[in-house]
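Could you build all of it, start to finish, from the sequences and the hints given here?
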Amino acid sequence: MSVLIAGGAGYIGSTVASACLDAGITPVILDSLVRGRAEFTEGRIFYEGDIADGALVDRIFAEHPDISAVVHCAALIVVPESVADPIGYYEANVTKSLAFVGHLRRNGCDRLVFSSSASIYRAEDGSPVTEDSPLAPQSPYARTKAVCEEMFADIAAAGQMRVLSLRYFNPVGADPLLRTGLQLKRPSHALGMLIRAHQAGTPFPVTGVNYPTRDGTGIRDYVHVWDLAAAHIAAIERFDTLLTASAPSIAINLGTGSGTTVRELCAAFNNVVSTPLATVDTDPRPGDVAGGYTTSDRASRLLGWTPALSLEEGIRSALEWIPVRDKMLRD
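So in UniProt numbering, spot 306 of the sequence shown is number 306, and the numbers just go up one at a time.
Be careful, since some hints might not be right.
Unchecked claim - FRET-style restraints, in silico, Cβ to Cβ:
1) Gly-287 x Leu-98: 29 to 37 Å
2) Arg-301 x Leu-135: 16 to 24 Å
3) Ser-246 x Thr-130: 20 to 28 Å
4) Ala-62 x Thr-306: 34 to 42 Å
5) Gly-54 x Asp-215: 49 to 57 Å
6) Ile-87 x Ala-62: 32 to 40 Å
7) Arg-214 x Glu-39: 36 to 44 Å
8) Leu-242 x Leu-98: 17 to 25 Å
9) Val-272 x Asp-331: 22 to 30 Å
10) Thr-282 x Thr-95: 34 to 42 Å
11) Asp-215 x Thr-95: 40 to 48 Å
12) Val-78 x Leu-135: 14 to 22 Å
13) Leu-56 x Val-280: 49 to 57 Å
By construction, these hints were calculated from the structure, which means they are not laboratory data.
Computed from a predicted model, the values in this text were never measured in an experiment.
Each residue gets a CB set at the ideal place from its N, CA and C atoms; glycine is no exception.
Below, the structure written as structure tokens:
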């Protein structure tokens, strides 16, 4: 069996491709390399191009008629960039996704696993969200994900596609075998900032200590990227059981179910490194919120999936990935 992975040269897509290989599934990668890395496709079936290129999609299906499902990870994902260039983001993430679905239907493929995002929830007060929580995307990027979910649900309701949307929370870490990982040299997420502070020997600023969380600091849901990849394998294997003509679309949150505060993230980091990282309490930054996390009941019930890897394991693999990344990626 083969699975087409759009965006399979990016962080999540390449990790899903590794998980497919380990599960005996052949990944067929389609990536424009606008953000993906060619190095992540070495030794794998790879087509360089755009998801909106109908002729290329037709060629992929003609050359790989055993493709049974598609994992759609192709998207632009930088929030500030989406604010500055909403037209570019709606074109790349929405318009091209609509064209892509048309190409899939023409080639007889109706199984789509869509990489969505927890950013479509507001999640500001430190409380958990479920798949039934109100949606309130706060950026053009997040709105493109919400629009795609609604668009795919409409197409599914018309009997033209079956769609499983996986709403990721905060992925961390790398493929445990270090085949792929985060391609950015200086990631801006909290773990990336922790690593940089540790490397520089400077205290890490804890921005805000009076939020309505268990220790007063912001809370996020950090899930190991390899656990995310395992959820995709479960989604592929259970697709026909979960999605039927009477229930052709569904969304599932992927997170730890408990969340991690900033202080807990710092403590987990210090459990991994040999030299403890110092922290300093500071005021919240403009726009900062308490954050939130997800319950994982639906993922457990429908996918048989619960996270298997700890936050410490995610931190450790992220640190181990750094020297591998610097050797592998030709910046």
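Structure-inconsistent hints, enumerated in ascending order
Violated hints: none at all, because every hint is consistent with the structure.
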